[in-house]
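Okay, so the sequence shown: first residue is 1 according to the numbering used here, each after it adds one.
Since the hints were derived computationally from the structure, they do not count as laboratory data. These figures come from a predicted structure and were not determined experimentally. Heads up, a few of these hints could be off.
The list that follows gives simulated cross-link-like pairs (lysine-lysine, DSS-like), each with its CA atoms no further than 25 Å apart [stated by the list, open to error]:
no.: 1; residue 1: LYS50; residue 2: LYS180
no.: 2; residue 1: LYS8; residue 2: LYS50
no.: 3; residue 1: LYS244; residue 2: LYS180
no.: 4; residue 1: LYS260; residue 2: LYS151
no.: 5; residue 1: LYS326; residue 2: LYS147
no.: 6; residue 1: LYS158; residue 2: LYS50
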Amino acid sequence: ESLELAYKVNAIILDKTGTITKGEAVVTDLVWEDSTNNQLHESILLSLEKHSEHPLAEAVVKKLGEQNSQNVLITDFGSITGKGVQGKFDGDSFSVGSEKWIEQSDIRISDLLQIRANQFAVDAKTVIYFSDEKNVLAILAIADVIKDSSKKAIADLKNIGLEVYMITGDHEKTASAIAKDAGIDRYFAEVLPLEKAKYVRELQAQGKIVAMVGDGINDSEALAQADVSIAMGKGTDIAMDVAKITLMKSDLEHILGAIKLSKATVATIRQNLFWAFIYNLIGIPIAAGALYPFFGFTLDPMIAGTAMAMSSVSVVSNSLRLKNQKL
1 ESLELAYKVN
11 AIILDKTGTI
21 TKGEAVVTDL
31 VWEDSTNNQL
41 HESILLSLEK
51 HSEHPLAEAV
61 VKKLGEQNSQ
71 NVLITDFGSI
81 TGKGVQGKFD
91 GDSFSVGSEK
101 WIEQSDIRIS
111 DLLQIRANQF
121 AVDAKTVIYF
131 SDEKNVLAIL
141 AIADVIKDSS
151 KKAIADLKNI
161 GLEVYMITGD
171 HEKTASAIAK
181 DAGIDRYFAE
191 VLPLEKAKYV
201 RELQAQGKIV
211 AMVGDGINDS
221 EALAQADVSI
231 AMGKGTDIAM
241 DVAKITLMKS
251 DLEHILGAIK
261 LSKATVATIR
271 QNLFWAFIYN
281 LIGIPIAAGA
291 LYPFFGFTLD
301 PMIAGTAMAM
311 SSVSVVSNSL
321 RLKNQKL
């Protein structure tokens, strides 16, 4: 079904992390509000992120692990999808999350940290915030490099007439910088995982045939909603299970190959139908004696059987040509 529909796709949504980018996040900067008591706060931050399942948390754990930070006991741990994590240490509450969550929680951020956060966003870095109940204690800048092949693949998709969109939970400024670097004109930023499918539906409501490309658990609902769903080969099992097409390699260039294969498959189906109908439209009347009153000609059963066999052989042979299709 997907191979029959993929060639009709005119809009494609690409998840950012792990799809356009390598998905290997690295903490490039860690800026503290106050230089005192950092060792304890580093331990709290490390312990919170060790409980988190978000991909960016791994980068934080790796960074603080290199600094030999120690674990502490976190109680009342909680995770809010698309926003962050929170927990308590020694009765005090701490959280790690997005700027949106900080704003919604009325947590204060100093002018110094805000200026640095804005600069990180301009540099296409994702910024996460570590805070107590009242104030942001530190900000972390995390970078995820665009894959070497992504820019060319996106340009190729645009060249065949597709509208290319990027979707991400990143801050608007970060998303804008990455989209510009990748050559994407349209993007959706600060999108929660449950909202991704909404943007697919919006494009479908405009009459577009939409393909969704993703690799994570948070992409599964959008993949299920899309007309054509494509999972990256190194993605999560649930993404590959939901998607109708799975790329053998996590490389966007293979999407163009899938579309070319779709066009070739549909063309082959139409050719096969044509030849099958031609054989029958010509052969059945002759076998029924349509030419006998005019020419005294009847179709020998052996010839009819051979003709039917040749019909099948021609269809199978035509289909086998797909093996030689250059994608």
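How the hints compare with the structure:
1. LYS50 / LYS180: 33 Å, violated
2. LYS8 / LYS50: Judged against 25 Å, a Cα distance of about 44 Å means the pair is violated.
3. LYS244 / LYS180: 29 Å, violated
4. LYS260 / LYS151: 19 Å, holds
5. LYS326 / LYS147: This hinted pair holds, its Cα atoms lying about 23 Å apart.
6. LYS158 / LYS50: 40 Å, violated
Figure legend: structure checked against the earlier numbered hints; hints not met, in rising order: 1, 2, 3, 6.
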